[in-house]
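K.L.:
Listed here are the chains, written in short residue letters.
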Amino acid sequence: MRPFHYTRATDQPAAISAASAAGSKYLAGGTNLVDLMKEDVERPSTLVDITRLTLKDIHPTTNGVSIGALAHNTETANHPLIRQNYPLLTQAILAGATAQLRNMATNGGNLNQRTRCPYFYEVGMPCNKRDPGSGCGAIGGINRMHAIFGWSDKCIAVHPSDMCVALAVLDAQVKVAGPQGERTIAFTDYHRLPGDTPEKDNNLAPGELVTSIEIPKNNFAANSYYLKVRDRSSYAFALVSVAAALEMNGKRIKQARIAMGGVAHKPWRALEAEKVLIGKDATEANFRAAADAEMANAKPHDYNKFKVELGRRAIVRALSRAANGGAA
Amino acid sequence: MNEDLINKVLARDPAEDPHQDISEFGADRRRFIKQISALGAALIAFHNLPTLSVFARELGSSATTSAGGVGLADAVNVRFTVNGSSQSLSLDARTTLLDTLREHLDLTGSKKGCDHGQCGACTVLVEGRRVLSCLTLAATLDGASVTTIEGLAHGEGLHPMQAAFVKHDGFQCGYCTPGQICSAVGMLDEAKRGDASYVTADLRTKPAAVALSNDEIRERMSGNICRCGAYPNIVDAIREVHTGKNVSQTWQFANGTREVGE
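Top to bottom, those sequences are chains E and C.
All letters in the first sequence, in the order written, are residues 1 to 328 by the working numbering.
All letters in the second sequence, in the order written, are residues 1001 to 1262 by the working numbering.
Isolated chain E, as found in the complex (with noise of 0.2 Å):
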């Protein structure tokens, strides 16, 4: 690992004065950060400890509740208010990572997370996230992991989060706060696709701090799921995950919400099977359409057009098991 100066930051405004310099950067659990940094992915002069910040705070609000960015993911999963009024968060944290990982790692840093795609890891091979201008290793390459919806000839990545998949479900917003002052940005413009600038894995500015989550209240708890296709049934990442959320009104759906994990370069809100199914009855049929509609639009590389088949069967799933009240 290369030298760099380590300061901890006792108060949001220092914190966030520090963080402003080039080179600096935020260390909350370090889970992600610390090992791209033994990888020499990541080069930080600087890295500025937030950990002892009073972000750490889960509490309802008016309109929802708020979740501290410093808050373990741990903590998040199984606090009560989240438990029972947003247990597709609880199982989308849940799905994540390993006990010892998650009690380690905070809600601000899931969402900073990098890509796990392993041309971005390895040093030797051009990457564009990395290295801006080098090129692409997975486009050509092994691209089994990576995107259906959204790349572009830049970059092929996934974002690994299956916490960020729930939340883009929940209509979350994201408090942040840097050098110009606070402002809050929509939970799915928060994340970006990558575009001509696959460096850029979010819409932060330079010293910019996650300082919370606010999620509002919603009706989607006791017809929620989330279900993660992986190629191992615990600490892997997804092949393809879905989160689906449903507001019933007997059978007839009121509102759906639906968004993939493991298939592009942020959060996937499924828009177009969301519109199949307002109004309609929750049957097999209509979770079918709804799913054919929005894989309609893969377009897969060489090594993942399985992706497709299996995204249309997640997304039924997932529908039939929120339905169901979670059961199978």
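If a hint is listed, it holds; no wrong ones were tucked in.
Think about it this way: if two alpha-carbon atoms lie no more than 25 Å apart in a straight line, the pair counts; the simulated DSS-like pairs of lysine-lysine are:
1. C:Lys1206 - E:Lys56
2. E:Lys275 - E:Lys299
3. C:Lys1245 - C:Lys1192
4. E:Lys154 - E:Lys299
5. E:Lys217 - E:Lys275
6. E:Lys38 - C:Lys1112
7. E:Lys154 - E:Lys200
8. E:Lys56 - C:Lys1192
9. E:Lys175 - E:Lys56
10. E:Lys217 - C:Lys1206
11. E:Lys305 - E:Lys154
12. E:Lys200 - E:Lys25
It is worth saying that the hints were derived from the structure and are not from the lab.
As the structure is a computational prediction, the values presented were derived from the model and not from experiment.
Chain E is already provided as a structure; the job is to place chain C on it using the hints.
P.N.:
The following block gives chain C in isolation, referenced to the frame of chain E:
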């Protein structure tokens, strides 16, 4: 000194080669390999200079006394508690908790398996919560309390989880075992406070405590890899401690007995 070594290697007269009586090709090849090796060693030493200088400083200062004001670039002072004993160290900012334990405090029970957070062999308890020491920078732990495998036993008396691993033969080579045991201890505390896992059926109601099925134990322990494949015995050991009830062993000695330590 490193630059001197590099210059010496580069400037060496080929006529000095002791193998010049060997055929030209062989001599060139050997000389080339020797030069490259020496150059490589010099470059590696040069690259690691900051680390080496910190190690050198550490040797001169007791691990139990404050080494504050050492004046190293990128050094951090860390005071924390490990297995009940307070420690004050001056460390290179890059030092992980795992390397601090193994290289600075002589606590080699925690193992370095992958060093990338993928195997769980380095699992320790920080403030009672299981974490990966290989991805934890020691600098972040100022004021924290750490428990390693060495801190679980009371003298010669094994922690119940250690005793259960022995009884159920929950290991073969033993390399993953300290991490497995620390992880299992942390995991049972999580279950006691009602935490859920991905295989928990009812997420919406948080119970006072969770009764763990074998599937629950497996899912909750998925961060600890055992390449010997001792998983069934590890699950038995954890189930015995979790339930407080005897779980019968699935193995016996060649003479038909099962008692350990007789």
